[in-house]
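Undergrad: Given the sequences, and given the hints that come with them, work out the whole structure.
Protein chains in written order, with this note's numbering: chain A, 3 to 115; chain B, 670 to 781.
A hint or two may mislead.
DSBU-like mimics (lysine-lysine), calculated; alpha carbons at most 30 Å apart, straight line [stated by the list, open to error]:
id	chain 1	residue 1	chain 2	residue 2
1	A	59	B	740
2	B	670	B	726
3	B	670	A	59
4	B	740	B	686
5	B	726	B	740
6	A	59	A	15
None of these hints come from the bench; they were simulated from the model.
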Amino acid sequence: KAGVTQTPRYLIKTRGQQVTLSCSPISGHRSVSWYQQTPGQGLQFLFEYFSETQRNKGNFPGRFSGRQFSNSRSEMNVSTLELGDSALYLCASSQGTGNYGYTFGSGTRLTVV
Amino acid sequence: KNQVEQSPQSLIILEGKNCTLQCNYTVSPFSNLRWYKQDTGRGPVSLTIMTFSENTKSNGRYTATLDADTKQSSLHITASQLSDSASYICVVSAWGSYIPTFGRGTSLIVHP
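TA: The following block contains the structure:
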């Protein structure tokens with residue numbers, strides 16, 4: 003079956019702009035979680051959605067937001083981009099019944115200039 | 670506070686040699702521990718997942734061990750190959766939490 007698909011793979015934005023990233027989970031997976039990965043901080047949890055509801059949220063400013071659609075696809079939005087937002091953004095999907103079986107996408111590399 | 674510490678931070682070995690990566694955690698109550706391999710610029714790929722009752726789990730040349738009493742895990746790579754060059758991340762989950770705790774990873778470089 004198809005894996006987790008993230009689009010776009012690469013993105014270059016200017017400070018102050020906003021950006022929307024997309025994640026299509028594995029078919030049948032109802033949970034989608036988002037992570038930011040930087041060389042200095044490693045992987046950091048942003049938020050998790052289950053059945054269109056945000057179930058958990060990490061410690062990130064309100065500029066970072068997300069949503070999940072009825073087909074489980076998810077989007078993440080970052081407004082008023084800052085240079086420090088440059089990172090690899092990963093999403094992972096799971097069946098959402100526990101803590102098993104996270105499958106990650108290949109990520110979106112965001113560069114803010 | 671839930672934490673996962675990995676060592677060493679980086680490791681360089683010659684092709685064909687074995688190596689062991691370490692993961693210590695303070696996540697409680699413990700649910701499961703996973704090892705992921707992440708190639709540069711790609712998403713992490715799951716290698717093994719272990720619950721409290723499992724001591725050892727293998728996936729080809731990768732063998733993970735878990736000591737729930739000392740809260741330590743190791744990932745042993747046998748007969749390393751150039752393609753093993755990657756970052757290896759230890760991830761620990763607690764019961765009742767959907768937010769896993771990630772280690773910073775060990776960067777492994779395999780030289781010919």
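Undergrad: Each hint needs a verdict: does it hold in this structure or not?
TA: How the hints compare with the structure:
For the hint linking residue 59 of chain A to residue 740 of chain B, the alpha-carbon distance of about 26 Å falls within 30 Å, and the restraint holds. This hinted pair checks out: residue 670 of chain B and residue 726 of chain B have alpha carbons roughly 27 Å apart, not beyond 30 Å. Proximity of residue 670 of chain B to residue 59 of chain A is assessed by CA-CA distance (about 17 Å); at most 30 Å being required, the pair is judged to hold. For the proposed pair residue 740 of chain B and residue 686 of chain B, the alpha carbon gap of about 27 Å is at most 30 Å, so the pair holds.
Between residue 726 of chain B and residue 740 of chain B the CA atoms are separated by roughly 16 Å; this keeps the pair inside 30 Å, and the hint holds. Simply put, residue 59 of chain A and residue 15 of chain A have alpha-carbon atoms about 25 Å apart, close enough for the 30 Å limit, and the pair holds.
The structure agrees with every numbered hint stated previously.
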